[in-house]
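Protein sequences, first through last, are from chains R and W.
Quick note on our numbering: the first sequence kicks off at 1 and runs consecutively.
Quick note on our numbering: the second sequence kicks off at 1 and runs consecutively.
The hints are simulated quantities; they were obtained by calculation from the structure and are not laboratory data.
Among these hints, one or two may not hold up.
[As the list claims (entries may be wrong)] Chain W regions said to be covered by chain R (calculated; three or more residues, Cβ under 8 Å): (1) 22-33; (2) 36-49.
[As the list claims (entries may be wrong)] Quick look at which bits of chain R chain W covers, simulated, 3 or more residues with Cβ under 8 Å: (3) 70-81; (4) 443-455.
Every value quoted in this text rests on a predicted model; they were computed, and no experiment measured them.
Ideal placement from N, C-alpha and C gives every residue a C-beta, glycine not left out.
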Amino acid sequence: MNLLDFVVLFGSMLAIAAYGTWYTRHHRDLNHYLKGDANIGWLTIGISVAATQASAITFISTPGQGYENGLDFVQNYFGMPLALIFVAAIFLPLYRRLNVYTAYEFLGRRFDAKTRLLGAGLFLLQRGLAAGITIYAPAIILSTALGWRLDLTIIFSGLLVIIYTVVGGSRAVSLTQKYQMSIIFGGMVAAFAILLIKLPASFGDALTVAGGFKKINAVSFSFDLQKRYTFWAGVLGGFFLSLSYFGTDQSQVQRYISGSSLRESRLGLMFNAALKIPMQFFILMLGVIVFVFYQFEPQPVFFNQSAWNQAVQYDTDGKLQALQQEFDAAHAQKEQLIQIWLDAKHNGDHAAETTAKAQALAALDKSNALRDEVRTLVQKDNSNAKGNDSDYVLVTFILNYLPHGLIGLLFAAFFAAALQSKSAELNALGSTTTIDFYRHIIKRDASDTHYLKATKWFTLLWGLVALAFALFAHLQENLIQAINIVGSVFYGVVLAIFLIAFFLKHIGGTAIFWAAVLSQILVLVLYHYLGISYLWYNFIGPAACILLSLMIQAALGSTNKTEPAT
Amino acid sequence: MKSPEANIPPANAPRNDRDELTGLPGFRTWRGVYLFVFGCFVLSVLLLLALTVIYS
């Protein structure tokens, strides 16, 4: 990065902070702070919903996922359009009619106080953990770009996010997200276009290479439960994951209940339902094309350059250097085999094509084995190499191949996206803590100004918790997967509570409370011991909770003794 | 004791008429919008399947 890039990056960051602060100057009451001023249009809601979900992690980590594993991750989103239709038709009208601040207020009215607190508590637990992971993402960008230590970068970016979020309100979050997403998509499209221009092969040949290396694997109808992404896991597990995320997660509910009418909120959700799969496909495809690009260009044996340089300094026995040379030789051989493979394809020589393709695949396996060996060595005793190396693929490509100015713009856009999604998350954590715990249990009759101040203090507290989690977590998963795994473990039970509230009218508060507690324990135990795709827990959790609540209610009898509704 | 459900407004409570209109050209009801979105989903899956079959 040069001076121009840094000017663009830091100029954008400061402009965003100033914009958010400027928008908060009218926030004098709780309603305005938590819901905006309820005159937000469908496009702003739609983009805000997408931006809250598609944070910097989506744009950094998903291309890395595409690079390593191809397009199969797109199946994770197959259930989302169906879930969003469900939310728009069932959840949304009810939330608007009840005029609630948080989704969990509905549980208090339908069941009892303890069920409301359980739902809100599970949200705080899982979203608090996820919030730590989303602070981690922009820190990766800056640590790679600036050569800073990852832990120091986490503290710097985390504190900036916390300050901005505490000052900002719901309306500022929604409106600024619109502009951030425009910058993000502009940057991503520009990056894709430049990638295609620089690609040494034609786009058709690039798809051939990607397909031959099993990267064009968008749909699999396999029934193997161990396989992480399949059509079935995506539709069923993805449906429940999305339903619980969009229907019961306060960070999303807070975005769409701020619409000026039910119509605006519904259109915002349908906008996401129609565009989510094409958007994720595009981002994954970017990673796949970067993979093909690196088959014809020198490829780093380890993409996290900061960690690599640090490891090489301490490589006294020269093992890393030797592995790098071996990797470079394997890479060069693979490039030759790919060229033979493509030439044979163009000449219609199927036998030669098949042979060269098989040899290229074997060379790819050898390269990957060497990368694994390097990864183990670099990550050993190196705190700066936390996380999955695939998360560094796109940023490394941007730094090495995009023109100056655009590099700064893309990094600014990533960072801004992280700020905005983090802002929405912390805003929701602060809101839920205030509305569902503080106002409900500790101080019932204070003024709006008091609750507004309390929300800001709780937002600050959650920001610090997320910062601590980001600092001490050692993530072995690709970031985008880590977020989905945390969500899948906790979301299912929360969803079940809401589904029972809507459709099983005879189930009371005591039955659902204990069923939810038991099924959450069950999911945690199964996750620890079973090796099945995490998406299935979005189905197992609700199924167990619904079944247990029916059994417990039957044991309790038809008399539904609950605490007074709140 | 008053049932907790009694606090929830009934489903047939009066609603804003504007909410029932989609305001979109060609879509008079929300059911039509939902079907359109479902159609987009099916089309997306079919295109992805075709891509997978062609290049695998």
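Hints violated by the structure (numbers, ascending)
4
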